[in-house]
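Given chain A, put chain B in place with the hints provided.
Going line by line, the protein sequences match chains A and B. Each residue of the first sequence is one higher than the last, beginning at 0 in numbering that gives the first Met the number 0. Each residue of the second sequence is one higher than the last, beginning at 0 in numbering that gives the first Met the number 0.
In short, the hints are calculated from the structure, not lab data. Among the hints, erroneous ones may be present.
One side of the interface only, derived from the structure: several residues of chain A facing chain B at Cβ under 7 Å [claimed, not checked]:
#, residue
1, SER1
2, THR3
3, ALA7
4, VAL11
5, THR14
6, MET49
7, GLU130
8, PHE143
9, THR146
10, THR147
11, ARG153
The beta carbon of each residue, even a glycine, is placed where N, CA and C say it ideally should be.
Number of protein chains: 2
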Amino acid sequence: MSITLSSASLPVFQTALTNLLHCLSKAEANAAARGFDANVFVQTRLAPDMLPFAAQIRIACDAAKNGTARLAGIEAPRFEDNETTFAELQARVRKTLDWLATVPAASIDGREEAAITFPVGRDKTRTMTGEAYLKHWALPNLFFHVTTAYALLRHNGVNLGKTDYLAGEQASA
Amino acid sequence: MSITLSSASLPVFQTALTNLLHCLSKAEANAAARGFDANVFVQTRLAPDMLPFAAQIRIACDAAKNGTARLAGIEAPRFEDNETTFAELQARVRKTLDWLATVPAASIDGREEAAITFPVGRDKTRTMTGEAYLKHWALPNLFFHVTTAYALLRHNGVNLGKTDYLAGEQASA
Numbered sequence: 000m001s002i003t004l005s006s007a008s009l010p011v012f013q014t015a016l017t018n019l020l021h022c023l024s025k026a027e028a029n030a031a032a033r034g035f036d037a038n039v040f041v042q043t044r045l046a047p048d049m050l051p052f053a054a055q056i057r058i059a060c061d062a063a064k065n066g067t068a069r070l071a072g073i074e075a076p077r078f079e080d081n082e083t084t085f086a087e088l089q090a091r092v093r094k095t096l097d098w099l100a101t102v103p104a105a106s107i108d109g110r111e112e113a114a115i116t117f118p119v120g121r122d123k124t125r126t127m128t129g130e131a132y133l134k135h136w137a138l139p140n141l142f143f144h145v146t147t148a149y150a151l152l153r154h155n156g157v158n159l160g161k162t163d164y165l166a167g168e169q170a171s172a
Numbered sequence: 000m001s002i003t004l005s006s007a008s009l010p011v012f013q014t015a016l017t018n019l020l021h022c023l024s025k026a027e028a029n030a031a032a033r034g035f036d037a038n039v040f041v042q043t044r045l046a047p048d049m050l051p052f053a054a055q056i057r058i059a060c061d062a063a064k065n066g067t068a069r070l071a072g073i074e075a076p077r078f079e080d081n082e083t084t085f086a087e088l089q090a091r092v093r094k095t096l097d098w099l100a101t102v103p104a105a106s107i108d109g110r111e112e113a114a115i116t117f118p119v120g121r122d123k124t125r126t127m128t129g130e131a132y133l134k135h136w137a138l139p140n141l142f143f144h145v146t147t148a149y150a151l152l153r154h155n156g157v158n159l160g161k162t163d164y165l166a167g168e169q170a171s172a
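Just chain A, same shape as in the assembly (with noise of 0.2 Å):
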């Protein structure tokens, strides 16, 4: 018995994702539970040398978008970086999800030892093995801005509990 880099990768990005997009509907249904608009959240900053809300959710996308695209040797979409409101960030996620679900098993499977080269910062690139990169990069990566979307939307009075982040709508179940 063993792991496939598949089965290591897609189900835990689409899981993360799915569930990060129950924390924004809870998130939203809060704001207006406590009569304000979600929009407020979209540049909330836990520091001011941090990047904001919107982009902790952008780029957790694109962990997950990017991460599967070079563990599969495929070229991803693009998406512009250009949301500007609560719901268009929860539509960024569901646009990603909507593309993972194409991604084929097959074409992850077999890359363990592929050297994957990609961006560190902005003049910077590392290489790593397939199977280094999921487990050293973009998992971190990933779970990384989820959790920090999900620390902002808490630091601002959002009533999420970790098993919103772990197990999404069954949290409640």
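This is chain B only, laid out in the frame that chain A set:
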């Protein structure tokens, strides 16, 4: 080619905690440079109803320790949750890494389909296969707490960047 359950878990847990230690060292140096006691980080929170920094570190350690023990079907050592200083929290991460280094990969491999039952909140449990438990609970749970600790440090002005979290000491290389 495929990935083993041990190689998809142990080194990922170890890297995450090693990089966390790197972030803690930078936070300690940053506190010294800014002229305050690093122990003030211990009780900081991102929201009044979120767990403080100390708990984020403890649970990050336990996510790796208990996650590994469940995957391996062995007993994990139990650590008291009694750290009150920044240095004690660093020691807890080191103690966890020391224990992880003693777990043979062979005790984890082959348990992909093993039923793993684990606590969820106070009086509930869930059961997943070893593979699903790793991918959909243990890993996201570990990264959640490591990232929240990172976010707390950043929120308090510590000079960390994402590559400190992703690459640890190699971040500045």
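Interface restraint verdict for GLU130/A against chain B (beta-carbon cut-off 7 Å): 6 Å, holds
Hint check, SER1/A versus chain B [nearest Cβ-Cβ separation less than 7 Å]: This interface hint holds because 4 Å falls under the 7 Å limit.
When the least beta-carbon distance from THR3/A to chain B is tested against 7 Å, hint result: 5 Å, holds
Restraint satisfaction for ALA7/A [CB to CB of chain B, less than 7 Å]: 6 Å, holds
Hint status (Cβ of MET49/A to nearest Cβ of chain B, threshold 7 Å): It holds, given that the least Cβ distance between MET49/A and chain B is near 6 Å, below 7 Å.
Restraint outcome when THR14/A is required to lie within 7 Å of chain B by C-beta distance: 6 Å, holds
When the least beta-carbon distance from PHE143/A to chain B is tested against 7 Å, hint result: This hint holds: PHE143/A lies near chain B, its Cβ roughly 5 Å from the closest one there, short of 7 Å.
Satisfaction of the THR147/A interface hint, Cβ to chain B closer than 7 Å: 6 Å, holds
Interface hint outcome for THR146/A [beta carbon to chain B under 7 Å]: With a closest approach of 4 Å, the THR146/A hint holds.
Closest C-beta approach of ARG153/A to chain B relative to 7 Å, hint status: This interface hint holds because 5 Å falls under the 7 Å limit.
Residue hint VAL11/A, partner chain B, criterion CB-CB below 7 Å: Given a least distance of 5 Å, the restraint on VAL11/A holds.
The structure is consistent with each of the numbered hints, conforming to all of them.
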